[in-house]
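Undergrad: Working from the sequences, and respecting the hints, build out all of it.
Here's the letter readout for the chains.
There are 4 protein chains.
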Amino acid sequence: MKNKIIPPISTPVVDEKANQEKLKFNIEKMNATKVGGYLVLGSNGESVLLTENEKLMVIETVRQYASSEKILVVGTAEESTRGTITLTKKAAELGADYALIGNPNYFKAAMTTPNLYDHYVAVAEASTIPVIPYNSPGFTGINMGPDLIGKLSGHPNICGVKDGTGNMAQLAAFRRLGGEDFLIFTGNAPTFLAALFVGVSGGMMPIANIHPDLWVGMMENYYKGNIAEARRMEAILVPMTSVIMKYGAGGIKAAMDILGYYGGPPLMPLKAPSREGIDEIRSALDKVEEGMGA
Amino acid sequence: MKNKIIPPISTPVVDEKANQEKLKFNIEKMNATKVGGYLVLGSNGESVLLTENEKLMVIETVRQYASSEKILVVGTAEESTRGTITLTKKAAELGADYALIGNPNYFKAAMTTPNLYDHYVAVAEASTIPVIPYNSPGFTGINMGPDLIGKLSGHPNICGVKDGTGNMAQLAAFRRLGGEDFLIFTGNAPTFLAALFVGVSGGMMPIANIHPDLWVGMMENYYKGNIAEARRMEAILVPMTSVIMKYGAGGIKAAMDILGYYGGPPLMPLKAPSREGIDEIRSALDKVEEGMGA
Amino acid sequence: MKNKIIPPISTPVVDEKANQEKLKFNIEKMNATKVGGYLVLGSNGESVLLTENEKLMVIETVRQYASSEKILVVGTAEESTRGTITLTKKAAELGADYALIGNPNYFKAAMTTPNLYDHYVAVAEASTIPVIPYNSPGFTGINMGPDLIGKLSGHPNICGVKDGTGNMAQLAAFRRLGGEDFLIFTGNAPTFLAALFVGVSGGMMPIANIHPDLWVGMMENYYKGNIAEARRMEAILVPMTSVIMKYGAGGIKAAMDILGYYGGPPLMPLKAPSREGIDEIRSALDKVEEGMGA
Amino acid sequence: MKNKIIPPISTPVVDEKANQEKLKFNIEKMNATKVGGYLVLGSNGESVLLTENEKLMVIETVRQYASSEKILVVGTAEESTRGTITLTKKAAELGADYALIGNPNYFKAAMTTPNLYDHYVAVAEASTIPVIPYNSPGFTGINMGPDLIGKLSGHPNICGVKDGTGNMAQLAAFRRLGGEDFLIFTGNAPTFLAALFVGVSGGMMPIANIHPDLWVGMMENYYKGNIAEARRMEAILVPMTSVIMKYGAGGIKAAMDILGYYGGPPLMPLKAPSREGIDEIRSALDKVEEGMGA
Numbered sequence: 001m002k003n004k005i006i007p008p009i010s011t012p013v014v015d016e017k018a019n020q021e022k023l024k025f026n027i028e029k030m031n032a033t034k035v036g037g038y039l040v041l042g043s044n045g046e047s048v049l050l051t052e053n054e055k056l057m058v059i060e061t062v063r064q065y066a067s068s069e070k071i072l073v074v075g076t077a078e079e080s081t082r083g084t085i086t087l088t089k090k091a092a093e094l095g096a097d098y099a100l101i102g103n104p105n106y107f108k109a110a111m112t113t114p115n116l117y118d119h120y121v122a123v124a125e126a127s128t129i130p131v132i133p134y135n136s137p138g139f140t141g142i143n144m145g146p147d148l149i150g151k152l153s154g155h156p157n158i159c160g161v162k163d164g165t166g167n168m169a170q171l172a173a174f175r176r177l178g179g180e181d182f183l184i185f186t187g188n189a190p191t192f193l194a195a196l197f198v199g200v201s202g203g204m205m206p207i208a209n210i211h212p213d214l215w216v217g218m219m220e221n222y223y224k225g226n227i228a229e230a231r232r233m234e235a236i237l238v239p240m241t242s243v244i245m246k247y248g249a250g251g252i253k254a255a256m257d258i259l260g261y262y263g264g265p266p267l268m269p270l271k272a273p274s275r276e277g278i279d280e281i282r283s284a285l286d287k288v289e290e291g292m293g294a
Numbered sequence: 001m002k003n004k005i006i007p008p009i010s011t012p013v014v015d016e017k018a019n020q021e022k023l024k025f026n027i028e029k030m031n032a033t034k035v036g037g038y039l040v041l042g043s044n045g046e047s048v049l050l051t052e053n054e055k056l057m058v059i060e061t062v063r064q065y066a067s068s069e070k071i072l073v074v075g076t077a078e079e080s081t082r083g084t085i086t087l088t089k090k091a092a093e094l095g096a097d098y099a100l101i102g103n104p105n106y107f108k109a110a111m112t113t114p115n116l117y118d119h120y121v122a123v124a125e126a127s128t129i130p131v132i133p134y135n136s137p138g139f140t141g142i143n144m145g146p147d148l149i150g151k152l153s154g155h156p157n158i159c160g161v162k163d164g165t166g167n168m169a170q171l172a173a174f175r176r177l178g179g180e181d182f183l184i185f186t187g188n189a190p191t192f193l194a195a196l197f198v199g200v201s202g203g204m205m206p207i208a209n210i211h212p213d214l215w216v217g218m219m220e221n222y223y224k225g226n227i228a229e230a231r232r233m234e235a236i237l238v239p240m241t242s243v244i245m246k247y248g249a250g251g252i253k254a255a256m257d258i259l260g261y262y263g264g265p266p267l268m269p270l271k272a273p274s275r276e277g278i279d280e281i282r283s284a285l286d287k288v289e290e291g292m293g294a
Numbered sequence: 001m002k003n004k005i006i007p008p009i010s011t012p013v014v015d016e017k018a019n020q021e022k023l024k025f026n027i028e029k030m031n032a033t034k035v036g037g038y039l040v041l042g043s044n045g046e047s048v049l050l051t052e053n054e055k056l057m058v059i060e061t062v063r064q065y066a067s068s069e070k071i072l073v074v075g076t077a078e079e080s081t082r083g084t085i086t087l088t089k090k091a092a093e094l095g096a097d098y099a100l101i102g103n104p105n106y107f108k109a110a111m112t113t114p115n116l117y118d119h120y121v122a123v124a125e126a127s128t129i130p131v132i133p134y135n136s137p138g139f140t141g142i143n144m145g146p147d148l149i150g151k152l153s154g155h156p157n158i159c160g161v162k163d164g165t166g167n168m169a170q171l172a173a174f175r176r177l178g179g180e181d182f183l184i185f186t187g188n189a190p191t192f193l194a195a196l197f198v199g200v201s202g203g204m205m206p207i208a209n210i211h212p213d214l215w216v217g218m219m220e221n222y223y224k225g226n227i228a229e230a231r232r233m234e235a236i237l238v239p240m241t242s243v244i245m246k247y248g249a250g251g252i253k254a255a256m257d258i259l260g261y262y263g264g265p266p267l268m269p270l271k272a273p274s275r276e277g278i279d280e281i282r283s284a285l286d287k288v289e290e291g292m293g294a
Numbered sequence: 001m002k003n004k005i006i007p008p009i010s011t012p013v014v015d016e017k018a019n020q021e022k023l024k025f026n027i028e029k030m031n032a033t034k035v036g037g038y039l040v041l042g043s044n045g046e047s048v049l050l051t052e053n054e055k056l057m058v059i060e061t062v063r064q065y066a067s068s069e070k071i072l073v074v075g076t077a078e079e080s081t082r083g084t085i086t087l088t089k090k091a092a093e094l095g096a097d098y099a100l101i102g103n104p105n106y107f108k109a110a111m112t113t114p115n116l117y118d119h120y121v122a123v124a125e126a127s128t129i130p131v132i133p134y135n136s137p138g139f140t141g142i143n144m145g146p147d148l149i150g151k152l153s154g155h156p157n158i159c160g161v162k163d164g165t166g167n168m169a170q171l172a173a174f175r176r177l178g179g180e181d182f183l184i185f186t187g188n189a190p191t192f193l194a195a196l197f198v199g200v201s202g203g204m205m206p207i208a209n210i211h212p213d214l215w216v217g218m219m220e221n222y223y224k225g226n227i228a229e230a231r232r233m234e235a236i237l238v239p240m241t242s243v244i245m246k247y248g249a250g251g252i253k254a255a256m257d258i259l260g261y262y263g264g265p266p267l268m269p270l271k272a273p274s275r276e277g278i279d280e281i282r283s284a285l286d287k288v289e290e291g292m293g294a
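Those protein sequence lines, which keep their order, are chains A, B, C and D. Under the numbering used here, the first residue of the first sequence is numbered 1, with each subsequent residue one higher. Under the numbering used here, the first residue of the second sequence is numbered 1, with each subsequent residue one higher. Under the numbering used here, the first residue of the third sequence is numbered 1, with each subsequent residue one higher. Under the numbering used here, the first residue of the fourth sequence is numbered 1, with each subsequent residue one higher.
None of these hints come from the bench; they were simulated from the model. Nothing false has been slipped in among the hints.
No copy is singled out in the list; a pair is fine if it fits within one copy or between any two copies.
Computed cross-link-like contacts, DMTMM-like style, restricted to lysine to aspartate or glutamate with a CA-CA straight-line distance of at most 20 Å:
| # | residue 1 | residue 2 |
| --- | --- | --- |
| 1 | Lys89 | Glu16 |
| 2 | Lys90 | Glu52 |
| 3 | Lys89 | Glu52 |
| 4 | Lys246 | Asp147 |
| 5 | Lys271 | Glu125 |
| 6 | Lys29 | Glu60 |
TA: See below:
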């Protein structure tokens, strides 16, 4: 699972419901790209807005239509420990390779390092597939730092971490504490190249849904030592990222619509970008084509 | 529904499951107090940790055993608009008088004032019972201020607001913008007396589960103009609050155990207070008895 | 010094220098109002932007021209303990009645409760006039809460506190810990009425420079038990406050210009409001006249 | 001025006063190291705690005793624009090569991008030496991001930026916007290696006062392509950094005392580390010796 980009895919929505046909369409189209796998039911997949049945449908559908070499990572976090365990087991039964688990966050004051440690260990003990804690303070308001992740990295069923902060000191500490085999994925696109230098295993950035082969290409250039070319691609991809990510999951979907995938609207309370927003996204995508053509 | 204290009750848990017998026991005991009603499935009720079936059981049970004069407010928020609507309708069918609805908060950056306005209007339009937005930045990381609440107060099915901030400027603005009939409840105990002066309609503080008649008594003293006596009671109740609320929902439950209710443990990832914590809570409760006996 | 409003006065600036003539003009005009005294060299007085000579000139000038019944409070904080002591002593020699001392804040991580305690005690020991710590997290990024202020209130030369937070739980705790004779001033205008209910000694709000007799009148109505009239005045004065305080020290100066005082520009990097800002301020002041005339 | 480490040196204090003899001693000792120059009157130099005379003494002394190849950067920020200009001019007269200028921060709400832009341009216009804005939100509470720095980079007398955030996305954006000749220094040691990869010009980290030749050595290894050796050194130096920087300027001074420089105490309200803190620092320094000896 090293040296891979695994985008957190969107959940297609039609009439305020998750839609299996559109999901199949997107997966079959993305199978032709060089992504290493699919992360389903992540933040960008609007996981917290889905019903339980929709979640199970999404897992099954992606497992069924993903080409065989693609890894399947499933977001299985709920606020309660028991709910997280239940969903993790179901995901494993449906063929998930890894469970990605964001931390509980509603009761912020109670989410101390010892309480989070116990939560993750309880989930890892109960899970039949390897567990990857997901640190995303932008959504949760809580940072899981080296103290916690370093300790969790010693558990036999906790195989890595996804970190959305873009904090290189933290990623470097995860690497030092977790050792060479610990999987570290970043979710932060503007620092992806720096994160590769610091030693991450790969990327799980929402924006990697957009032109996935360019993101994989940038990574491959880095690994081949073509740093200048990697940096040239970064200078093209990061401004696109800034524009699209302003609109969150709805921005990714709007860009997918433009690029021939099914994007569609997000679930309420999320909103699709306005007409001006879509024009801004289109213009950002045009600049990528110009930049890459040059 | 004015001049009332409506505590957000705990959800009793046995063997990591919500327990109907213990809930019945607590409600029947609390019926004998002067609380104006019950708020079920609030933050203190560990709502985000419950399954859907448990939520429905809690509503039904409290409706069945609450004495007839007690108002029933039900927390029905989910992250998605459609999920919130579904649960609000079920709560209404089960006899809820009001729906209390915390704001979606996972996608923090997208929870702009217009998006939250549309969310609440969609819920209020679909609901057959009056809707009360719940502002609790300590849990959600988002403040719903006068701009949003003032505008929502104009909707015919949005009858009030619960605010957990203890921000008097905000409460005063809610009163000015919402008018005299808009219901304003505070969830912040250390500023409850000041909030009454500012014009709130009542209190929905978790700590009001602990010695509810003292909290009602303090409020009644305020309304009768016995400000010195109200303040004397505040000086006794606020230090108790500081101690117990450090331990959150588990602290309330520990204090309930001491006072003859069923408290029990919270659901994981929450934890019961340690032995030292329980001793500290017991000592804080003893000081209240001393203070009130004087 | 109880039951008084002591506005933090502006420092008039001409040609990017503090100007004595304009200061004399303002003080002589404000002597005719019911303010209880003057706070010079506060945040609104742009203290951190003045040279040492300007600071001394401001103290001397206000002492000379203030009518005899007006109390003189002087802001004497510097980042260093020794610098604060030196300026406090000079202020005392020039006739200050009290020294108001904001906390050092550049080295935020080092400004722990014990370090701030030692700082304030060192200043209080060296000062020949009573010392008033000033808590203003909006400027300093640090809150001095009940733990610190309660402990400082026991020092014989620390006579009170100014608090800019508008946090009623904190003000109530200061009163409980400091006792009845401890001076507590609020700097937060939108919660001034609530703060009087909670037991503050008076107000030191920048906006009290604007229509000071209305602010004093609102306070007097509160003390006489005319709560409805006090609240009516609050509903007129708070919206004005919101508009003017958006522009900070420059907004206060612009409003002073409109009302016949010398306002003028603030020192750079502060800016005077734009033309649109001044129009907005003028309109807010007009609404006060309409409201009070009604 | 590229590819250099320029430590922000400590200001030696004896009897609560800046001390010239000790400063001379330290500079003469540090002249023998491979540092590229000295940053005086930075945060670590306790600049905000010094009198004006002390500041001038420090500049003169370092200019006099620094060996000729060492660059002299002087921190000349005050809160006011005019004060910053005055001190910048004096520093230039005393031989400073560059002025490093932290942003005004007391009036946080007024420090908008346009106001900060005007401030920096006014200073750059008035200064006879090149100006380097210094971004340090940990001290100031304000981030100066790519919008502001990119625009400032176009001014002929603004030659670079020092950034203390350790935010690689920001540093990369500075490089893209400022061009290849724009000087970018990081003040964040745990991300120094990543920052070199991102393209910074060098380091101005306080911890570089401690074993400066190891920091220079790590940088040189990076430039020579000895990444594994650079990373091995980072794994030794970063844990030391975490321990010492907990104690801020006082921690640096304590480590200097251990290593044969004059450290001494910081000025109040800062404090020297406790006895336990000094033991912890000594132990961290011992580990560096062990690690480097290996």
